[in-house]
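Each chain, letter by letter, is given below.
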Amino acid sequence: MSLNFQLQPLELHQFDLANGLRVVLNKVDSIPVVSLAVYYDVGSRNERKGRTGFAHLFEHMMFQGSENVPKAAHFQYIMKAGGTMNGTTSSERTNYYETLPANELPLALWLESDRMRSLAVTQENLDNQREAVKEEKRLRYDNQPYGEVFDLINRMIFRNFSNSHSTIGSMEDLDAATVDDVQDFFRTYYAPNNAVMALSGAFEIDEARSLISRYFETIPSQERPAPVDVDEPAEVAETYLEYEDKLAPFPAFLFGWKIPERRSPEFLALYLAGKLLYDGDSSRLYQKLVKGDESVIQLFGFTDERRGPSSIFVGAIPKPDRDLSQIREVIMEEIRDLAINAPTGAEMQKLANQLINDTVRVRQSSMARAQQLAEHALYDGDPALINSELDELLAVTADQIRDAVSKYLDSENRALLDVVTKKSGTN
Amino acid sequence: MLEEFRKSAPESLAPRAFNIAQPSETILANGLRLIVFEDKRFPLVSLRLIFLAGDAYDSADAVGLTSSMASMLTEGTENYSSRSLAEEVERLGASLGASSGSDNSRVSASCLTPYLSDMMRLLSEVVLKPTFPQNELDLYKANTIEGLKFQRSQASFLAAEQVSRIIYGEHPYSIASPSAADIERIDREMLAAQHQRTFIPNNAVMVAVGDIETAHMTALVEEYFGEWLGGEKPDRVFPPIPARDRRTLTIVNREGSSQANIVIALPGPRRGDPDFFPVMVMNQVLGAGASSRVFMNLREEKGYTYGAYTKFDMKRLGGEFEATAEVRTSVTGDSLREFFFELARIRDEQVSGDELRDAKNFLTGVFPIRAETQEGLTNLIVQQKVYGLADDYLQTYREMIASVTAEDVLRTARKYIKPETAAIVIVGDAGEILAQARSFAEEIEIFDTEGARLDVADFERAGEPPAVDVTGQWALEIDFQGQKLPVSLSLSQEGPAISGTLSSMLGEGVIENGKIAGSSFNAVAVSEVQGKSLGISISGIVVDGTMKGSITAPIVPEPLLFSGTLSGK
Chain A
9 MSLNFQLQPL
19 ELHQFDLANG
29 LRVVLNKVDS
39 IPVVSLAVYY
49 DVGSRNERKG
59 RTGFAHLFEH
69 MMFQGSENVP
79 KAAHFQYIMK
89 AGGTMNGTTS
99 SERTNYYETL
109 PANELPLALW
119 LESDRMRSLA
129 VTQENLDNQR
139 EAVKEEKRLR
149 YDNQPYGEVF
159 DLINRMIFRN
169 FSNSHSTIGS
179 MEDLDAATVD
189 DVQDFFRTYY
199 APNNAVMALS
209 GAFEIDEARS
219 LISRYFETIP
229 SQERPAPVDV
239 DEPAEVAETY
249 LEYEDKLAPF
259 PAFLFGWKIP
269 ERRSPEFLAL
279 YLAGKLLYDG
289 DSSRLYQKLV
299 KGDESVIQLF
309 GFTDERRGPS
319 SIFVGAIPKP
329 DRDLSQIREV
339 IMEEIRDLAI
349 NAPTGAEMQK
359 LANQLINDTV
369 RVRQSSMARA
379 QQLAEHALYD
389 GDPALINSEL
399 DELLAVTADQ
409 IRDAVSKYLD
419 SENRALLDVV
429 TKKSGTN
Chain B
-8 MLEEFRKSAP
2 ESLAPRAFNI
12 AQPSETILAN
22 GLRLIVFEDK
32 RFPLVSLRLI
42 FLAGDAYDSA
52 DAVGLTSSMA
62 SMLTEGTENY
72 SSRSLAEEVE
82 RLGASLGASS
92 GSDNSRVSAS
102 CLTPYLSDMM
112 RLLSEVVLKP
122 TFPQNELDLY
132 KANTIEGLKF
142 QRSQASFLAA
152 EQVSRIIYGE
162 HPYSIASPSA
172 ADIERIDREM
182 LAAQHQRTFI
192 PNNAVMVAVG
202 DIETAHMTAL
212 VEEYFGEWLG
222 GEKPDRVFPP
232 IPARDRRTLT
242 IVNREGSSQA
252 NIVIALPGPR
262 RGDPDFFPVM
272 VMNQVLGAGA
282 SSRVFMNLRE
292 EKGYTYGAYT
302 KFDMKRLGGE
312 FEATAEVRTS
322 VTGDSLREFF
332 FELARIRDEQ
342 VSGDELRDAK
352 NFLTGVFPIR
362 AETQEGLTNL
372 IVQQKVYGLA
382 DDYLQTYREM
392 IASVTAEDVL
402 RTARKYIKPE
412 TAAIVIVGDA
422 GEILAQARSF
432 AEEIEIFDTE
442 GARLDVADFE
452 RAGEPPAVDV
462 TGQWALEIDF
472 QGQKLPVSLS
482 LSQEGPAISG
492 TLSSMLGEGV
502 IENGKIAGSS
512 FNAVAVSEVQ
522 GKSLGISISG
532 IVVDGTMKGS
542 ITAPIVPEPL
552 LFSGTLSGK
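If you read the sequences in order, they're chains A and B. The first sequence begins at 9 in our numbering and counts up one residue at a time. The second sequence begins at -8 in our numbering and counts up one residue at a time.
Okay, chain A solo, but in the shape it has when bound (with noise of 0.2 Å):
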């Protein structure tokens, strides 16, 4: 069952415009429709020390109005067209994209450029963007079961306060902003030679080219921001940890290991691990612990890629009155395996065939299309990987997989996260 399969390649157009933003277009006709996605070089990784969560405080003060949007326009412009929107902030970037029909390009167009050049960065918009933040993190992450472990578990894997601090950020930084640091930091990471932008759908190639050079060609460039260190030991910075989670209503437990970064072949073949662990039915850690044992209620894992070092986790919410050590004990065990004995011919199989069948899915929407090549376009300076990357991660062997696992995975140097649910006698 091997397929001799040969992905069509994606035509793309590449363009830099003076002031430095690089542009990606990809003309897919079939259907009349168009994606923008606009990246900006500025994520958690970007804030230092009393200043964390501001990359997340911006991507709502982008939603506030510019010189010629007013206040919350953004969206109601967008669904008026009949198309649909949003943002989002990781540690590596900040990203902002539209699907809309695809005359409303245009539209598009006008409204990223504007607040590229023009947001409007006012105290009254930081006051109630710093609430409606911090409202956010209550609900996302104070007021919900788990909403905190995945930031615990970063701070225990990282050192490197770059690496390590959460994306919301915490409630004492937001206040201490003034509308000097905010006006600093647009000033710094919101400019065009900082971001790029992917355009993929139904449009021509000089329109789309001379609308866009309409737009954004005055918008002045700015000093690039000074690079930034994201380097750690090899060693993760704490081992163990318990948690009282208040709200949880079972126990649970989550492993992290510090792995090496995005696109390094170390990087896939531990995705593959991954994948092999603990993604769908078929899964090792899913038949052992869901099906044989009959032990958890909710199994998960995956793989957080940077462009510096990266993480790997393995979590489980076990059902009621289970031993806990056991089922991890059957975690490192079927790790170990992968360490010592490779993946199945059969499991290779699997990857290939989830693979290629993933990457062309994936590649139906322009707004997926869109976003992989800004990224690539923002983590590479190659958008073109779109087109490689699939045979990248077909190359990786079993035997690569074995290492990688042996080297990375059965190891002491991991964190462990226990989730203990409220204890009796404490408020």
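Hint data in this document are derived by calculation from the structure and do not stem from the laboratory. One or more of the hints may lead you astray.
To be verified - For the chain A half of the interface with chain B, some residues (derived, Cβ under 7 Å), not all of them:
1. G95
2. W118
3. D289
4. V368
To be verified - Derived Cβ-Cβ restraints for the label pairs, each shown as a range:
5. S524(B) / P17(A): 53 to 63 Å
6. N126(B) / S98(A): 37 to 47 Å
7. F141(B) / P228(A): 52 to 62 Å
Stated by the list, open to error - Listed below are the simulated DMTMM-like cross-link pairs for lysine to aspartate or glutamate, each with C-alpha atoms no more than 25 Å apart in a straight line:
8. K79(A) / E291(B)
9. K79(A) / E(-5)(B)
10. K293(B) / E139(A)
11. K31(B) / E252(A)
12. K31(B) / E16(B)
13. K409(B) / D202(B)
14. K431(A) / D264(B)
15. K88(A) / D129(B)
16. K(-2)(B) / D289(A)
17. K254(A) / D470(B)
18. K79(A) / E292(B)
19. K88(A) / E340(B)
20. K299(A) / E127(B)
21. K296(A) / E69(B)
22. K415(A) / D287(A)
23. K79(A) / E2(B)
24. K132(B) / D301(A)
25. K299(A) / D129(B)
26. K57(A) / E156(A)
27. K293(B) / D253(A)
28. K302(B) / E340(B)
29. K299(A) / E69(B)
30. K(-2)(B) / E29(B)
31. K475(B) / E144(A)
32. K79(A) / E16(B)
33. K35(A) / E2(B)
34. K475(B) / E252(A)
35. K406(B) / E346(B)
36. K254(A) / E144(A)
37. K(-2)(B) / D253(A)
38. K88(A) / E291(B)
39. K475(B) / D183(A)
40. K475(B) / D253(A)
We put the beta carbon where it would ideally sit given N, CA and C, even for glycine.
The hints should help you fit chain B onto chain A, whose structure is shown.
Frame of chain A, contents of chain B only:
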């Protein structure tokens, strides 16, 4: 630099045509309808086998049988265990699953084109040869019953359960979910018999979309499903969906609720109704989105809730309209008033040209986005075929939306939005809700969270007892995730009118228009926070010098519960 072109939103480019071809349709000798749509953009295939009998066909002594049978299809077959099937499917990088809804049950598969015949074999395996192994059934039943328990802890489920019961009466659409006893009762023999009876080709539609040739696809379906024998179509006679003649109020008393879950429900059109397009546009203006009227009123203007919406749920034989919001309990009555204002307005006056245009632009604009992926396109085709919609439904959807007029919107609003016969369902603190909502309905009933009927009289507040006197200094404490936070309240009362100050971690606020009714205290304290005025609502029940209640503010995601005593006059 003067850049006049930036001053206002740009003109659109010329619109681009969006054409969906017609799928081909054939019927096999055994009665199986096959719909094939060649979509060669990507080397993928999506398959759906839909049976036109869903949960509504379960008899009263076998509720939950169809959904259990569907869930168990992938848990073991003549040639595969649950595990070997999962391994085989995932080794192809594919997916395979089954589920059911009110009107139909379905088995879905998707894969890369080169694996089409493998997937057809696996699809036929789960459709034709399931074995319902006992150990897998035991695990399924145990996990499902845990899920049902969790479901009853959710206010939204409790509201949906009552709405279904009230709107659909004797019709099986009235059953929102099987009970634990229903699930307990299910055994292997029942599953096998149900499978035998309902999984028949002459009551099924196969939809195949993707990088395929129609002739090849037809041959594959013949190969794997050609020998499948037809049976007798279920011809259940369904009781009618009752007409409504008065406004009713149904409360589910959920102790400890800090919010009231409001649903205002009415019978609505079935999915195939010719009013579909004007109803979609009318609902978009009224409440479908975050720029619709009820959201703008209850959330943006009044701040009663984080979200207020309306929707039409359209099934094969009938449907319902719902207006919904989760509000803080103290504004339950106010929220009903605003909802009924909007329901009356959409009937009483024609929508403006701008509102009509925005609603139509949104609906026509997002339609191609939904067809961008093969799964999205497949879902649209399935809807069309399963509900027997017009042959050119997908080709003319946008024109049909665009042709809706303000008069159509008014006509359908008057036909379906009938506030005077609405069923109001509210989940929360029954005593408080009853006091605020009783004047909105002619008939009132109250249930507990297990569905048992309670005596309304037990929740009546005896007449309007003389207002308590709340004048003085109150020392209150908010219980915030186990932390005690102090609040001080200084009040003076004249008749039912209250004024005073409220100070808490949310700041200092002035109360001007507070009220006492019976033992209920309600007020809004207005404070200045960073140059903006912020309304903090406080509501409480006063008994013998103690007060309990909740505080809500726009910057706090959930109401804060407090209690305390009168510390000095």
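Distance restraint between K299(A) and E69(B), which requires alpha-carbon spacing of 25 Å or less: holds, 20 Å
Agreement of K302(B) and E340(B) with the hint, judged by alpha carbon distance not exceeding 25 Å: holds, 20 Å
Hint consistency between K475(B) and E144(A) [alpha-carbon to alpha-carbon, up to 25 Å]: Given pair K475(B), E144(A) holds - Cα atoms ~22 Å apart, limit 25 Å.
Distance restraint between K475(B) and E252(A), which requires alpha-carbon spacing of 25 Å or less: Within the cut-off at roughly 19 Å; holds.
25 Å Cα cutoff - pair K79(A), E(-5)(B): Status holds; Cα separation ~20 Å.
Chain B contact restraint for G95(A) - C-beta distance below 7 Å: This interface hint is violated because 16 Å lies over the 7 Å limit.
25 Å Cα cutoff - pair K88(A), E291(B): holds, 18 Å
Restraint status (C-alpha distance of K132(B) to D301(A) at most 25 Å): holds, 16 Å
Restraint check for K299(A) with D129(B), where alpha carbons must lie at most 25 Å apart: holds, 12 Å
P228(A) and F141(B) - C-beta distance against the hinted 52 to 62 Å: Holds, since F141(B) and P228(A) (Cβ atoms, about 55 Å apart) stay within the stated range.
Pairwise hint evaluation, E292(B) against K79(A), where the allowed Cα distance is 25 Å at most: holds, 16 Å
Satisfaction of hint between D253(A) and K293(B), Cα-Cα up to 25 Å: Not OK: K293(B) and D253(A) at ~35 Å, beyond 25 Å, violated.
Checked against the numbered hints given earlier, the structure breaks hints 1, 11, 13, 14, 15, 16, 27, 30, 32 and 37 and satisfies all the rest.
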